[in-house]
Amino acid sequence: MTDDMQEIISDFVTEAEESLDRIDPLFVELETNGEDKEILNDIFRCVHTLKGAAGFLGFQQVVDVAHTSENILKKLREGDIALSKRVVDVILRSVDTLRVLIGHVKHGENAIENIAPLLAELDAALAEASGNAGNGGSRPPAAAGAVPKAVPSEAPKAPPAKTSPENVPGTPPAPGSSAVSPAPVAAAPAAPAVHEADKAAPERKDAVSNLRVDIGRIDKVMDLTGEVVLARNRLLNLIAAISAQYGDDPAVANVMETVSFLDLVTSDLQLSVMKMRMQALQKVFGKFPRVVRDLASAIGKEVDLKITGEETEVDRSVIEHIGDPLVHIIRNAIDHGLEPPEARKAKGKPERGVISIDASQKGNQIVIEISDDGKGIDLDRVKRKAVDRGLLSAEEAERMTEDAAINLIFQAGFSTMDVATELSGRGVGMDVVKTSVAKLSGFVEVRTRKDEGTTFRVNIPLTLAIIQALMVRTAGVQYAVPLSLIEEIVRVSPEEIDMAGGRRVFVLRERVLPYFELSELLGKGPPPKDAVRYAVVVAVGDSRFCLSVDKLLGEEEVVIKPLDGLETESSHTLGSTITGDGKVVLILDLASVSRSLTGTKRP
Amino acid sequence: MATLDYKEKILIVDDFVTMRRIVKNLLKQLGYENITEAEDGAQAFAKLKGGGFGFVVSDWNMPNLDGLGLIQKVRSDPELKSLPFLMVTAEAEKEKVIEAIKAGVSNYVVKPFTAEILKEKIEKIFEKLGK
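Residue numbers (my numbering), protein chains in the order written: chain A, 197 to 799; chain B, 1436 to 1566.
Just chain A, same shape as in the assembly:
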């Protein structure tokens, strides 16, 4: 029974979080589109159901907050009070509080929040709103007054328990005086129900074919699939060796056939498991309208938010970790990117700024772009600030390319605002964005134009667990290089390497590419003179460079095993893997390599 209870509570947390996540965007929609019965009904239902379940499970604080907000929502739904900023603000605050409370439940904490001020605020907002809507007086005033007062103490009781069955058909348990009012009340929810009925068919089908599975189980399947992939790789290697030796034996041919079938099935299995873990970005993007609304209204800017591509699916670990960095970029765009309305007017721009968010899948990458039509990043100012902060010398700043200058904003301890505003502030800078995205093996690019705006482009690999890799050897050690970021590979003889601006470059089809030795980068010293080199041309975002190695060993699908306790950023590794022939090999993190090579500071 306790196990059952545990499961119910964990279901409750998931469902409650989902319900609460739905409320924010619904409210923003309400504010922009005006009052809409259906939306209000939807919001009401979320809170109402949450309260019901919380009551069963004994989460009294959740019941209290949900119940008090429900009172307001009910009045809103029935048109007794009008939607005002105060009402919306206080309900959104209740939603936030509910999130905190659900968070306590989730982590099994017995923490008690001080919800009294919020409850008072909710009641006050209701009282104020009811006062304003004095002409909505068709409703019996007694009911309006009685409901909020009855709130916190009575909710958990189960009064009708004593009602005898004989009582039921004749006398209603509620005050008989209200017998007039139920009819219009009940009519409201019933009406939409009818015309929604035709929409119901596809949704219903969805619901039946969906299955909630504990995430731990999926992760386990994912892990095991990784092991299968590794075993398959080994098997492919072994069978290649065996067939080279005993190719004529029909038994070997049979094994070959079976192994290649296994190979195919394993790839399909891997893909299917990957898809199982994918979720639409909607889950993350759904929070943004609220973020933009709160922030814009707090600092007096007018902002329109355009979201596209929210149906793009990504791995669930991306869903979990991409929210914060994106919110930070959005905050930054509203706070620093967009000009105040007067300034925009003066420049001949519309007073309302626009933030656009777009997600799409490009090959093996998910690309999320956050653009504003603000003033753009002032690179001279960025450089000056970086020099002031001692992040680089004036001379370095002078020589610096535009790209490198933009990248300064990602350096720890950098902020162009002299006074950290309350909003983007929170004591973190864009460097946190960079590190969080890097943890997902992704990278951020920035494009900016004076007075036209800035675009932050976040690139994240589709899956974090299994990648195609090129195996290389340099200074006697084998490394795996993610194939998705490799453009091409060229054989280079030493005399083809030129010098430009004190750096080695390689000219490939009239394009000058910075040229680096992987062995030097990893602190293993230069390769022997006159040795033949293979230049791996890497493209990370807009920057391209050559990484030179001793030997190419071929392609392999590798399963990334995270390395605990290794500082991945400075070691330039994503993790390790086990190769087909059973060796442990480090996987290079090209995004981190690129940052250290093209940035101003060497590692």
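Worth flagging that the hints you see were computed from the coordinates, not collected in a lab. Here the structure is a predicted model, which is why all the values come from computation and not from measurement. By construction, the Cβ of each residue, glycine as well, lies at the ideal position given by its N, Cα and C atoms.
Taking lysine to any residue pairs in the SDA-like style, the calculated list, with each CA pair at most 20 Å apart, reads:
no., chain 1, residue 1, chain 2, residue 2
1, A, K541, A, E648
2, B, K1463, A, D207
3, A, K479, A, D207
4, B, K1508, B, I1536
5, A, K479, B, V1452
6, A, K558, A, M474
7, A, K725, A, V701
8, B, K1463, A, D199
9, A, K581, A, E598
10, B, K1463, A, I205
11, B, K1559, B, T1549
12, A, K416, A, V461
13, A, K281, A, A316
14, A, K483, A, I515
15, B, K1482, A, L407
16, A, K471, A, K558
17, A, K302, B, V1452
18, A, K270, A, D285
19, B, K1482, A, N406
Taking CB as the label site, the calculated pair distances span:
no., chain 1, residue 1, chain 2, residue 2, range
20, B, E1468, A, E231, 42 to 50 Å
21, A, I411, B, K1537, 39 to 47 Å
22, A, D415, B, G1539, 46 to 54 Å
23, A, D419, B, K1537, 56 to 64 Å
24, A, E234, B, A1481, 18 to 26 Å
25, A, D419, B, P1513, 49 to 57 Å
26, A, L679, B, G1466, 57 to 65 Å
Got chain A; can you put chain B on it based on the hints?
For chain B alone, coordinates are given in the frame of chain A:
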């Protein structure tokens, strides 16, 4: 005492998964095992039409077709019109209960309730049927 047979197929209707689990759990505590779920009135009605159900526990507030809509449809259906139907309501809906009773629910229970209360409600419904 007349009560719901333990072998009878029961339908729980609620749009919130947790609520369905809670009700299911309570029914199991009372010894009922043959339980099916539906997540709104429309889905529930389709399942009921499939036949074989001996009892319905339905929430009121649901998308697509709410509990009231469901009981109205059930009562006007010749095959289902005498199906025992327990409506789960919230306290806020108390004033509307008369509506549900007019529509023909066999009884109603207010959230939150315990297994004992549920048992009592079921017994009352079946006592009355037995008469």
